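Participant: Spelled out, the chains give:
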Amino acid sequence: MLLVFTELLPEELSSSLDGIGVLWKQVGSTSEIEGLSPQGGWSGTFVIDTDLSAALITCASLRQQEISVGPILIGIPESELANLTRSNRLFDDFIALPARNNELAARLRAMSSRFIPDAKPQIVEYNGLVLNLATYQTSVSGRPLDMTYMEYQLLKHFMTNPGSVLSREVLLKDVWGYEYYGGARTVDVHVRRLRAKLGEEHSQLIHTVRSVGYVFSPTQWDL
Amino acid sequence: MERPQDYVLRTVEERGVQFIQLWFTDVLGTAKALSITPAELENALEEGMTFDGSAIEGFSRVQESDMLAKPDPETFQILPWKEVNNPVARVFCDIVRLDGSPFEGDPRHVLRRALGKARERGFSFFAAPEMEYFYFNDADPSHPPIPLDQGSYFDLDLSSRGGEIRKRTVLALEDMGIPVERSQHEDSPSQHEIDLRYTDALTMADTIMTVRLVVKEIASRNGVHATFMPKPLSGIQGSGMHTHFSLFQGDTNAFYDPDDEHSLSDIAKGFIAGLLRHSREMAAVMNQWINSYKRLVPGFEAPMYNGWAHNNGSVVVNVPHAKKPSSTRVEFRSPDPGINPYLAFAAVLYAGLKGIEEGYELPPSVEDNLYTYTRSQLMAEGISTLPTSLSRAVDEMANSELMAEALGEHVFQWIIRNKRDEYIRYEREVTQFELNSYLPRL
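Those protein sequences? They're chains S and C, same order as listed. Note that my numbering has the first sequence beginning at 1, numbered continuously upward. Note that my numbering has the second sequence beginning at 1001, numbered continuously upward.
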């Protein structure tokens, strides 16, 4: 089952998808996904948006879903192609809309052949910084990093939510839990310790967003 | 989310950690460690590791000796200066009795208790120390210590051995996730300073224990001796540990008030007043060694007087200029690097909270250099001094309800006994000064 993520699905696209013969389901928001669990999982996701940045934000949010959404194909207007840059795992393929039927069909077929059902990535990697979710170990260019438990949890949270701006309150709740009395300042202290451990080159992966919080952003563009 | 224990066990396995050091602190602030193997770790994490408490200063008498060292898994950290192929890790421990109840002689527990009290009042407590220390050729007490260089404050000496060792130390600290605000050569020959970036008081107390160890370890590996002794050489500036404190309410710095002429809130003023009023009672903990009092003499920027100011080396509290509201803080200048950081922070917190709760009034600031004042001038201004000897400091503490409450009966009584003992042994010594002054002429 293909997940089609868009607020507004153009009539032609809807017909194309039917014409190709793929089973698909449209949703307009991530909350709608939560209730769904198709037989065999999602074979992939088609994110349609007129704005590239918005599409990328959607991708980032989809990657953090509990259930795997499979490979992501983004559909954007031709005018947005100029803004496209490499963006590390946020999407797997792109197509300019409006698209020709045979091209759309070809891309959807290619996508599903790459898909391994229910494979939640055990390894998260950006620019040589590697986090292994199964062994809890972190390394930079092959060299192991000595993390404390909280530093690991914080880094894991950042790396599994790339591109999402996380406020101090959200980090406090998700990483420290409700029992923590220290206050949001403790988040700043831990981010600082984490940056010190990551070293000059990789500490820049964690950007401060003034008055809001932090974002783990391996790409060139800023949200 | 994984439990901290699972993270620790998995990391030990994945990284091939050979030994895990269980770190704790005795009442005097000396770092202690029990080494265990990965096989013993799981049990140690669940139940704690038994050890004989009677061997530890301040812990227990022979009858009630067995204790449990309970690792705090969130402090698990691989030590970066050990061999990469044989990693060694450490974890800080809380000491509990065999029945699981916290041991009141454990300094870490004393601080936790104080922090609990602050938390009940809606405060979290942050600290940032400036750690001064010396490098000497060796630790042989049969001759005066020999400095590595003749440098001075902020000196940049490109071939400086001390500076090089300090740099390696700072890098090792950063590798352990201990961010260093800055470091520099200090005023006296071969004296250095490492300023740590603020963090919550419990973590900072653990960090101070770690830093003292790392500084000494790296010095030793480089063939020299590092010392946190307050006054190793007479006639030159000694080592202090001025510490910056702040109280936060949630996300807001509780010391800041934009409408005040000094930008200090009533909470800040109460806190400072508490420190000033109780500094004499706290001296036996802030300056706990005979040698501590050799540092607290006029003319060397060491604080001797109970007053506060913005930038005055002769008084015990300074309020440094804060670049932004969230960095409003109080600098307490009496502690020296020989403290037990857990006990010192607990005492500061109790004194500060008392000043806030009972609305102590803050006296006016004192911007003059008080070293030049005569006794009668000081009396006229109502300025009291810190105790001038360990003996006097202990007597002050013995009469202090605040300190009994802050430290708990066990630690309180033990320190008074121990320090009185130390003073008696000192008084019996015939010193070099006496031999030099009297042997030839009497």
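Any given hint might turn out to be false.
Said to hold, decoys possible - A short list of chain C residues far from chain S (calculated; beta carbon distances all over 12 angstroms): (1) E1014; (2) G1177; (3) D1251; (4) N1253; (5) E1427.
To be verified - Using 20 angstroms as the maximum straight-line C-alpha spacing, the simulated DMTMM-like pairs for lysine to aspartate or glutamate come out as follows: (6) K156(S) with E200(S); (7) K173(S) with D1395(C); (8) K173(S) with E1002(C).
Treat the hints as calculated values from the structure; they're not laboratory data. Treat the numbers as computed from the prediction; the structure is a model and nothing was measured. We treat Cβ as the ideally placed atom computed from N, Cα and C, and that holds for glycine.
Participant: I'd like to know which numbered hints this structure contradicts. Please list them from smallest to largest.
Facilitator: 1, 2, 3, 4, 7
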